[in-house]
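Hey, can you work out the whole structure from these sequences and the hints?
Protein chains in written order, with the numbering used here: chain A, 113 to 222; chain B, 436 to 549.
If you are wondering where the hints come from, they were derived from the structure by calculation, not from laboratory data.
Just so you know, even glycine gets a beta-carbon here, dropped at the ideal spot from N, CA and C.
It cannot be assumed that every hint is accurate.
Unchecked claim - Computed footprint of chain A on chain B, listed as stretches where at least three residues anywhere in the stretch have a Cβ under 8 angstroms from a Cβ of chain A:
#, stretch
1, 457 to 471
2, 479 to 485
3, 488 to 496
4, 537 to 549
Unchecked claim - Output of the computed footprint for chain B on chain A, the stretches with three or more beta carbons under 8 angstroms from beta carbons of chain B:
#, stretch
5, 145 to 154
6, 207 to 218
So the chains spell out like this:
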Amino acid sequence: GIQVEQSPPDLILQEGANSTLRCNFSDSVNNLQWFHQNPWGQLINLFYIPSGTKQNGRLSATTVATERYSLLYISSSQTTDSGVYFCAVDEETSGSRLTFGEGTQLTVNP
Amino acid sequence: EAGVTQFPSHSVIEKGQTVTLRCDPISGHDNLYWYRRVMGKEIKFLLHFVKESKQDESGMPNNRFLAERTGGTYSTLKVQPAELEDSGVYFCASSPRWGTDTQYFGPGTRLTVL
Numbered sequence: 113g114i115q116v117e118q119s120p121p122d123l124i125l126q127e128g129a130n131s132t133l134r135c136n137f138s139d140s141v142n143n144l145q146w147f148h149q150n151p152w153g154q155l156i157n158l159f160y161i162p163s164g165t166k167q168n169g170r171l172s173a174t175t176v177a178t179e180r181y182s183l184l185y186i187s188s189s190q191t192t193d194s195g196v197y198f199c200a201v202d203e204e205t206s207g208s209r210l211t212f213g214e215g216t217q218l219t220v221n222p
Numbered sequence: 436e437a438g439v440t441q442f443p444s445h446s447v448i449e450k451g452q453t454v455t456l457r458c459d460p461i462s463g464h465d466n467l468y469w470y471r472r473v474m475g476k477e478i479k480f481l482l483h484f485v486k487e488s489k490q491d492e493s494g495m496p497n498n499r500f501l502a503e504r505t506g507g508t509y510s511t512l513k514v515q516p517a518e519l520e521d522s523g524v525y526f527c528a529s530s531p532r533w534g535t536d537t538q539y540f541g542p543g544t545r546l547t548v549l
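Structure, rendered in structure tokens:
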């Protein structure tokens, strides 16, 4: 099956800093989603981005499908950005089940 | 519009007991998925319904797990009998179309088997 690798596994920032999270995947995909798991364990949709670039406030994401990676940018980080960020993909040959990476644990200190 | 809802939010049971988790998808979504995260590991797919039919159940770990979606609306996931390794968070997700749409996740059910 498809492999999904996220980096870095852990990231500690001071409030106001910018960061880039990366997701590499091993095969062609139909779907790529970024999620934020908040301290209560809820998975919050950030982006549906199988290709191209999207922006939503301080967050933006870019997926380069031909090179099999996606980047999530967080600008001017806030303490509420803390949590685990997951990348998940649905490979073209697997139907629509999502395969998740192991996540990036982000801690934003005040 | 209401999101995906799951019940209960937490469940603590003894090994060998039975537990039933419920998921209500977003209204009108034909696709319903179950995932789980156990022992702090990555989130893994369990199965996928299209309406009331099981489209893909390749992620179901063993025959102690039974999922149903009678009438194509809400779904239940029953674990019988529960084992210690079943502890974790069980997520449900739904999407309107197959393969090319955002999957919207519920808040999860945290299951603890003692």
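Results of checking the hints against the structure:
Coverage of the stretch 457 to 471 of chain B by chain A holds. Counting CB-CB distances below 8 angstroms, 3 residues qualify, and the rule asks for three or more. With a threshold of 8 angstroms between beta carbons, the proposed coverage of the stretch 479 to 485 of chain B by chain A holds, since 3 of its residues qualify and at least three are required. Here the stretch 488 to 496 of chain B counts 4 residues with a CB under 8 angstroms from a CB of chain A, which clears the bar of 3, and the coverage holds. With a cut-off of 8 angstroms between beta carbons, the stretch 537 to 549 of chain B has 7 residues touching chain A; three or more are needed, and the interface restraint holds.
With 5 residues having a Cβ less than 8 angstroms from any Cβ of chain B, the stretch 145 to 154 of chain A passes the three-residue criterion, so the hint holds. As drawn, the stretch 207 to 218 of chain A meets chain B at 9 residues by the rule of a beta-carbon pair under 8 angstroms; at three or more, the given contact holds.
When held up to the earlier numbered hints, the structure conflicts with none and fits them all.
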